[in-house]
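Protein chains: 2
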Amino acid sequence: MANITSVSPLAPASFPTLPVIKGARFATAAAGVKYAGRTDVMLAILDPGTCVAGAFTKSATRSANVLDCQSKIRLEDGAGAAIIVNSGNSNAFTGRAGDESVQAICAEVASVTGLPTTRVFTSSTGVIGERLPHDRIQAKIQELSNNLDEANLPAAAKAIMTTDTFPKGSATSVDLPGGTISIAGIAKGSGMIAPDMATMLVYIFTDAKIAQPDLQAMVSELNEKTFNSITVDSDTSTSDTLLVAATGASNVLVAADNARFRDALHSVMRDLAHQVVRDGEGATKFVQITVTGALNDADAKTHAMSIANSPLVKTAIAGEDPNWGRVVMAIGKSGAPADRDTLSISFGDVKVASNGWVDPNYREEQGAEIMKDQNISMAVDLGMGAGASTVWTCDLTHGYISINADYRS
Amino acid sequence: MANITSVSPLAPASFPTLPVIKGARFATAAAGVKYAGRTDVMLAILDPGTCVAGAFTKSATRSANVLDCQSKIRLEDGAGAAIIVNSGNSNAFTGRAGDESVQAICAEVASVTGLPTTRVFTSSTGVIGERLPHDRIQAKIQELSNNLDEANLPAAAKAIMTTDTFPKGSATSVDLPGGTISIAGIAKGSGMIAPDMATMLVYIFTDAKIAQPDLQAMVSELNEKTFNSITVDSDTSTSDTLLVAATGASNVLVAADNARFRDALHSVMRDLAHQVVRDGEGATKFVQITVTGALNDADAKTHAMSIANSPLVKTAIAGEDPNWGRVVMAIGKSGAPADRDTLSISFGDVKVASNGWVDPNYREEQGAEIMKDQNISMAVDLGMGAGASTVWTCDLTHGYISINADYRS
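Going down the list, the sequences are from chains X and C.
The numbers in this note's numbering rise by one with no breaks, and the one at position 180 of the first sequence is 234.
The numbers in this note's numbering rise by one with no breaks, and the one at position 8 of the second sequence is 62.
So here's chain X without its partners, still in its complex pose:
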């Protein structure tokens, strides 16, 4: 196993203070699914009146847990809800046994908490292809239930880590006409040692009172602009899960068009998405790529993700090389329309290419200076229309190869 115990150089200075979310309580336990000497299960119990929205991996080989969550996410019956997550085993590609493990865990949580199984959501992250020892998780559910506390969300952020180099949290509060609501979330992802996969799991809680369809619409829209706009290495986990639970315990009503709530939720989702990139395997640079002037937003995102996923662009960034030719290449191969002669590219605030050629005022030293920064922005204007998109990625370094190739499982 590669030794990657050091924290990512791109990690935030500290874990944020998370506000209490009324109506939500959390507990963690050490079930010994795989890891020794650490917590590896978290349980969230959400009071009656909670609604849950979600977004999931589109993988055709998604895990049993994801399939189960998807079947339940639209059911709404006024009961509370539970979210139970284990690290150490992803329960992915475990055949019918994987479905049985999910059902066993849901049944035990339902039995201990009195919730219907249709309101129990599960996630698993860790090694794939090995049967989940769900009995170890079942054996801890009474203990978890006894230890629930509204202050335990930071502990939950640690329990769901696999090879993340730092726990990930984000929160905000908004003063609305009816009172103050809070949003707090945790995430795991991108620090990975095979045979794990870089599963991204995200759980966000708010005490706002919002209808499930309104919350789901907001989550789906914002997910495209946040978690679906990041990439570390273009590989997609079979377990990616985002759940957003609104307990309603603040009694502050939020309508579908509440821009302030939407912006607050957006900020928490974007912050957590950025933290996942900042824990990207081997990452030494955080990179923002903005594409404008596309025929539509979808084309802009296709181009932006093509740049963000290009090994040649990512290695150039690692090498601090202002190699705009590789950006041109990535645009050309994306499959979305582009016109060489209207294309312009900027690195930071320096225009490097315009009208299909190197910008006449560009000097290589300017680009080289930009590339030394830890945070790099690249902007492409296609000069064709009004479509725009911003995505985030990291560089591709020897660290990535070391983490993923320099061992035998």
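It should be emphasised that the hints constitute simulated quantities derived from the structure, not laboratory data.
Every residue, glycine too, gets a C-beta built ideally from N, C-alpha and C.
Careful, some of the hints might be misleading.
Simulated coverage check for chain X against chain C, where a stretch passes if three residues somewhere in it have a Cβ under 8 angstroms from a Cβ of chain C [claimed, not checked]: (1) 114–123; (2) 143–154; (3) 261–273; (4) 300–314.
Incomplete in silico selection of chain X near chain C, CB under 10 angstroms [said to hold, decoys possible]: (5) Asp101; (6) Thr111; (7) Leu202; (8) Ala205; (9) Leu230; (10) Gly233; (11) Thr346; (12) Val382; (13) Lys387; (14) Ser388; (15) Thr451; (16) His452.
Chain X is fixed; fit chain C onto it per the hints.
Positioned in the frame of chain X, the structure of chain C alone reads:
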């Protein structure tokens, strides 16, 4: 600049003997486009009666040379043809100046040889974004024309190299009812030091007598199964060009449905495609990926290329790790249909997964043994239909990062 002077460990033992192709003559020269002390231009002159077929990069930012070749490839007037190729400068993303360079070179070749400019095909490979010093090439065309010889194809293979670690050639002959025809080809590609791009250039010559539409149909079909079925790092050059010239000088007629000619051409194209992969940057393993049981061939290729392009699969291969979970992941993310519960995976002749889970007879040591080989085959059966595809790739190693990141241009 990274030091990658050593020949790829996957290179063939020696350059093959290439047969004379009647009706085709070649010359090389040192024009000093960028490199010193080596040849960097090759000229091929093809006798009257030659037809030319081609396939080109689909990049939206393709080079001026590619656009010019595409505009000429369907024109057929019984005249001969010329192919002129330079290394050292790709003439890509050079705005209108790039078009002017192509026209200047074509005009000079036409002037010296008496061919119409519509029968002069050009390629350029090397640094991008810098104006091609086409005057240096123009100045060598009379010398090239004086030195044409049917034995110079191996020299041409060297002149078109950029950072390839070995020249690439392949040939075969076929006895047909009307006589023997020969096919000989050269290629460059995949050994790359930025700011070049891994342009793949391929030129194949035959003395068969075949109609241009028949040759084009064969080339287009076989290109999908050969050069369009290889990947080193998923990045696509702006200059990729394949030209196949049939001089007809053997007077052996080949019809559209001639399976023996088609198979011979296929073998040369596949051999050259494999050599490009074997010169992949940092490659230490040659990998064949076959997908069967897809709903159709296109879906099978989508899955196969998703596996071949996955950084996690490629780093696992580099680490000699039989990590079939990453193959499952790559299938899941490809976007083409798959069913977890009918999926099986083999490494070499060992079945590692079947029916959506690890195969009950599989032992990790078996997979580990397979992964030690320099040539590795992976087979996936989706269990859904009759669609099939085979693609080839290499592993992703520290060598790739060193070549592409460990320098400043």
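Status of each hint after checking the structure:
Remark: the stretch 114–123 of chain X is confirmed as covered by chain C, as 3 of its residues place a Cβ nearer than 8 angstroms to a Cβ of that chain, reaching the required three. For the stretch 143–154 of chain X, the stated coverage by chain C holds: 6 residues have a C-beta nearer than 8 angstroms to a C-beta of that chain, and at least 3 were required. With 0 residues bearing a CB less than 8 angstroms from a CB of chain C, the stretch 261–273 of chain X misses the requirement of three and the coverage assertion fails. Residue count for the stretch 300–314 of chain X with a Cβ under 8 angstroms from a Cβ of chain C: 0. That is fewer than the three needed, and the coverage hint is violated.
A hinted interface residue such as aspartate 101/X counts as satisfied when its beta carbon comes closer than 10 angstroms to some beta carbon of chain C; here the least separation is about 35 angstroms, so the hint is violated. The interface hint given for threonine 111/X holds, since its Cβ lies 8 angstroms from the closest Cβ of chain C, which is under the 10 angstroms cut-off. Taking 10 angstroms as the C-beta cut-off, the interface hint given for leucine 202/X is violated, the closest approach to chain C being about 34 angstroms. Below 10 angstroms, beta-carbon pairs count as interface contacts, and alanine 205/X has none with chain C, the closest being about 36 angstroms; its hint is therefore violated.
Interface hint status for leucine 230/X: violated, as the beta-carbon distance to the closest one in chain C is roughly 39 angstroms, over 10 angstroms. Interface hint at glycine 233/X: violated, since its Cβ lies 43 angstroms from the closest Cβ of chain C, which is beyond the 10 angstroms cut-off. About 17 angstroms separates the beta-carbon of threonine 346/X from the nearest beta-carbon of chain C, more than 10 angstroms, and the hint is not met. Contact between valine 382/X and chain C, as hinted, is supported at the beta carbon level, the nearest pair being about 5 angstroms apart and thus within 10 angstroms.
With a cut of 10 angstroms, the hint placing lysine 387/X at the interface with chain C holds, because the nearest CB-to-CB distance is about 4 angstroms. For serine 388/X, the interface hint holds, since its Cβ comes within 10 angstroms of a Cβ in chain C; the closest pair sits about 7 angstroms apart. With a least beta-carbon distance of about 6 angstroms to chain C, the hint placing threonine 451/X at the interface is held under the 10 angstroms criterion. With a cut of 10 angstroms, the hint placing histidine 452/X at the interface with chain C holds, because the nearest CB-to-CB distance is about 5 angstroms.
Checked against the numbered hints given earlier, this structure breaks hints 3, 4, 5, 7, 8, 9, 10 and 11; the rest are met.
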